[in-house]
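Undergrad: These protein sequence lines are chains U and G, in that order.
Per the numbering used here, the first sequence starts with residue 156, numbered consecutively.
Per the numbering used here, the second sequence starts with residue 31, numbered consecutively.
Keep in mind that the hints were calculated from the coordinates and are not lab data.
Think of the CB as a built atom: it goes at the ideal place given N, C-alpha and C, for glycine as much as any other residue.
A portion of the hints provided could be inaccurate.
[Said to hold, decoys possible] Taking lysine-lysine and the BS3-like style, the derived pairs with C-alpha atoms no more than 30 Å apart in a straight line are:
| no. | chain 1 | residue 1 | chain 2 | residue 2 |
| --- | --- | --- | --- | --- |
| 1 | U | K333 | U | K240 |
| 2 | G | K124 | U | K813 |
| 3 | G | K120 | U | K813 |
[Stated by the list, open to error] Ranges between beta-carbon positions, derived for each pair:
| no. | chain 1 | residue 1 | chain 2 | residue 2 | range |
| --- | --- | --- | --- | --- | --- |
| 4 | U | R184 | G | L113 | 49 to 55 Å |
| 5 | U | M246 | G | R153 | 44 to 50 Å |
| 6 | U | A720 | G | A135 | 51 to 57 Å |
| 7 | U | P323 | G | W229 | 30 to 36 Å |
| 8 | G | N156 | U | T794 | 35 to 41 Å |
| 9 | G | L145 | U | Q712 | 57 to 63 Å |
[Unchecked claim] Some chain G residues well away from chain U (every beta-carbon gap over 10 Å; in silico):
| no. | residue |
| --- | --- |
| 10 | D97 |
| 11 | T102 |
| 12 | L106 |
| 13 | S128 |
| 14 | R129 |
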Amino acid sequence: MKRQPSEQEIRDAAPRLRDGPGPGSPEARALDETWSDAPGLIGWFSAINHKTIALRFVVATMLFFGAGGILAALMRLQLARPGNKLMGPDMYNQVFTMHGTTMMFLFAVPVMQAVAVYLVPLMVGTRSIAFPRLNAYAFWVFVFGGLMLYAAFFVNAGADAGWFSYVPLAGPDFSPGKRVDFWAQMITYTELSAIVEAIVVITTALKLRAPGMTLNRMPLFVWAMLVTAFMILFAMPAVMLASTALIMDRLVGTHFYNPAEGGDALLWQHLFWFFGHPEVYLIFIPGLGFISAIIPTFARRPMFGYTAMVLSLIATAFLAFGLWVHHMFATNLPELGKSFFTAASMMIAIPTATQIFCWLATLWTGRLNFKTPLLFVLAFFFILVLGGLTGIILAAVPINLQVHDSYFVVAHLHYVLIGGAVFPLFGAFYYWFPKFTGRMMSERLGRWNFWLMFVGFNVAFFPMHLLGMQGMPRRVYTYQAESGWGQMNFVSTAGALVLAAGVLLFVINALRSWHAGAAAGNDPWGGGTLEWAASSPPAPCNFHALPVVHSRDPVWQPLPSGPPAQPPLPTHVMGLTADERQLLVTTVVDARPDVLHTFPRPSIWPFACAVATTVLFTASIFTAWAVVWGMVPVAIILTLWFWPHRHETARHLAMERKP
Amino acid sequence: MTAARVRGTALDVSSLPTYGFSHRSIVWWATLGMIAVEATVFALAIATYFYLRSHATTWPLAGKPPDLLWGTINTLVMLGSLLPNHLAKKAAEKDNVSRARLWMAVCLAMGLLFLVIRIFEFRSLNTGWDTDAYGSIVWTLLGLHTVHLVTDFYDSAVLTLLLFIGPLEGRHMQDVSENAFYWYFVVASWLPIYLVIYWAARLH
Ligand code: HEM
Ligand SMILES: [Cu+2]
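Make the full structure from the sequences, and use the hints.
TA: Next up, the structure:
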């Protein structure tokens with residue numbers, strides 16, 4: 156039994172140093188020590204520093220992007236000429252399903268969260284993400300979920316009912332075997348991870364901001380990630396419920412989607428698209444956040460229309476929940492209902508247009524600095540305008556019926572997803588790579604990288620619009636020479652290979668620069684947000700003294716404009732315990748200092764718990780009872796995770812001040 | 031009153047409290063986030079119930095609605111548990127460990143009671159999960175809520191054990207307070223589910 160620590164123990168545990176003095180001081184060295192992850196193998200699996208986890212998370216999602224890209228290349232090779240025999244229909248079904256699933260669930264949403272886990276604490280001026288252990292847990296769960304899906308694929312149990320697994324095709328009658336079960340369970344993993352990450356980001360953005368960073372001064376990127384996180388809270392439950400019902404229909408004989416017993420196949424579509432449409436915005440809104448971070452830096456002026464930008468983000472999030480039915484225009488819903496959703500689909504153009512005008516105004520009135528990150532942002536404008544146009548075309552019911560399930564849709568969705576998210580993401584990598592690694596990426600390779608991707612992308616996907624209008628359906632593994640689609644498909648494949656070469660060049664550039672790039676210094680681009688005040692790469696504790704914020708661009712404007720105040724205004728925080736992971740919690744709206752929270756040290760439990768969760772989720776594909784016995788190890792580990800150690804309590808008691 | 035003070039160009043925060051209740055605590059925000067997620071799941075499950083019902087000519091599809099007895103008793107027990115729950119929360123916020131122990135223990139006893147009654151509830155549904163779509167959604171609604179009962183019961187049990195034997199610090203009082211907050215949610219979310227399972231199948 157654990158006893159209460161003694162007086163002596165508490166006195167011995169008393170902290171000695173308090174922060175405040177800047178880099179180089181003994182306090183700063185103590186902080187570095189305190190916030191580091193432990194070395195060694197166990198230490199590696201116990202790491203919780205948000206930057207460590209975030210970099211691993213980014214690498215993991217990019218590896219999945221690579222896997223999804225290889226699958227895409229295989230599809231394009233198969234379709235390059237009519238009657239090609241690279242793969243048969245069954246393999247093709249698995250490949251396009253795995254591609255879509257990987258890109259949507261294992262790449263596009265999580266990569267944004269991974270970048271946020273790195274940047275949000277830096278941008279709001281704190282030393283950690285809220286709940287660093289939960290954050291590590293979410294990362295491991297994500298990795299294991301993705302690995303499970305691919306393990307199944309390699310033993311010929313790859314999901315094959317499309318990335319939205321419509322019933323009845325995905326139901327027990329038409330998809331026997333385990334393929335769809337793996338797909339449904341992969342959803343459980345990734346949604347669990349996404350929801351935990353959302354809670355972590357929300358709490359960080361609302362409660363850990365540096366003093367003085369009122370909501371009205373929060374960087375737009377943080378706003379974008381905050382809005383995204385809130386959308387995740389309300390969108391992800393829908394797909395979790397839908398996929399749980401699906402797997403229960405398949406494994407324990409429920410009848411949610413079985414019309415013979417009062418179930419309904421359209422129920423799946425409603426639940427799925429209630430999530431699926433907002434999903435597009437979960438990918439798109441972080442992209443907007445990247446752009447709002449990059450543009451002011453390269454236009455060398457503060458963002459035009461900050462308030463309008465924030466309101467547009469929020470409006471987009473609300474509207475996104477009213478749009479799901481536009482994916483179901485080909486079903487027999489009431490016509491009036493469809494008109495309503497057409498109108499709503501058109502309305503979402505308003506906040507998007509507002510943001511585009513604010514960006515253009517910022518660019519127009521700024522002094523532009525044409526570096527690679529800005530090129531990617533400009534490409535975003537070009538591609539998105541085309542994708543948005545085809546979206547408006549698709550929002551009209553009669554046209555939608557015409558091109559439904561054709562390559563027109565494939566073209567549209569890639570214009571929106573790649574233009575809206577992947578290009579900004581690559582721009583963001585070029586922009587923040589110096590922060591992550593302390594080194595610049597090569598500009599020369601960057602330009603090659605950019606132009607290959609831009610040209611390759613358009614050559615690959617523009618012809619698909621035409622193919623769609625000529626009637627080529629999506630999800631076909633081949634077509635006949637008489638169709639006349641061969642030439643354009645060949646062009647498209649060539650474009651895809653150019654695009655792939657661009658991505659490969661990115662990888663080469665990143666690897667080379669990581670080791671041999673030019674040293675970056677704290678603020679190579681002259682950015683205005685707080686991450687540029689930290690060193691590159693940031694110290695384990697991010698800031699040796701937490702900043703006090705007086706403006707929207709604290710690096711550009713550390714103090715309010717006008718004559719210096721008397722007495723002088725504070726510029727930094729002091730008094731946090733330097734040999735404990737103590738952090739300042741501030742109030743939600745005004746960011747007034749409120750409470751000191753002591754964060755936990757690194758621990759193996761998050762990893763162990765993720766392993767136990769994996770056993771539970773994977774075993775339950777084979778036996779429903781795993782849901783019961785699999786809970787036992789999870790519960791035990793969570794208890795050990797929660798249970799305090801006597802020495803830990805002694806240390807906390809030595810610092811304790813009651814509210 | 032403890033507050034941050036300006037010293038020269040530094041803001042000295044060393045005298046701030048090391049924990050705080052309700053929205054001052056970051057854990058409270060995480061709990062609120064979980065509640066938002068779970069409330070959405072419940073709301074969607076209820077929407078699914080009515081969606082399926084709107085497509086049926088008779089409802090329940092076959093057989094009769096659930097018997098009212100156990101579900102109604104359980105609702106009363108759960109509402110009753112709000113009192114010790116409230117007292118545990120108040121005790122924790124007044125830093126009164128012995129009272130927090132006492133009321134947490136009472137809460138747990140009531141928790142055990144409603145878990146047992148829950149078994150009878152399942153038996154009085156008058157349908158199986160694999161009977162038809164009606165059975166599936168009713169079992170899912172009750173099952174979802176039961177998962178919450180079980181996890182909340184387990185959390186509370188671990189916390190109560192800690193109050194009795196563990197090394198304690200002030201922050202654990204904050205945990206008790208947040209645990210009570212979540213308990214409120216588990217009971218509050220039951221009321222709409224109760225109405226749907228037991229009454230929506232009777233009213234036409
Ligand atoms: C990197 C270059 C990419 C290429 C060459 C590519 C190629 C393709 C092709 C040819 C299809 C159509 C399969 C068919 O209907 O037969 C497809 C489907 C799809 N792609 Fe991509 N894609 C790429 C990147 C992405 C990205 C980045 C995303 C998402 C962020 C994405 C999401 C999807 C989705 C959701 C589908 C639909 C899958 C389904 O029908 O179930 N793709 N892709
Ligand atoms: Cu949509």
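Undergrad: So, for every hint listed, does it hold in this structure?
TA: Quick rundown of the hints versus the structure:
no.: 1; hint: U:K333 <-> U:K240; result: holds, 26 Å
no.: 2; hint: G:K124 <-> U:K813; result: holds, 11 Å
no.: 3; hint: G:K120 <-> U:K813; result: holds, 16 Å
no.: 4; hint: U:R184 <-> G:L113: 49 to 55 Å; result: holds, 53 Å
no.: 5; hint: U:M246 <-> G:R153: 44 to 50 Å; result: holds, 48 Å
no.: 6; hint: U:A720 <-> G:A135: 51 to 57 Å; result: holds, 55 Å
no.: 7; hint: U:P323 <-> G:W229: 30 to 36 Å; result: holds, 32 Å
no.: 8; hint: G:N156 <-> U:T794: 35 to 41 Å; result: holds, 37 Å
no.: 9; hint: G:L145 <-> U:Q712: 57 to 63 Å; result: holds, 58 Å
no.: 10; hint: D97; result: holds, 21 Å
no.: 11; hint: T102; result: holds, 26 Å
no.: 12; hint: L106; result: holds, 29 Å
no.: 13; hint: S128; result: holds, 14 Å
no.: 14; hint: R129; result: holds, 17 Å
Checked against the numbered hints given earlier, this structure breaks none of them.
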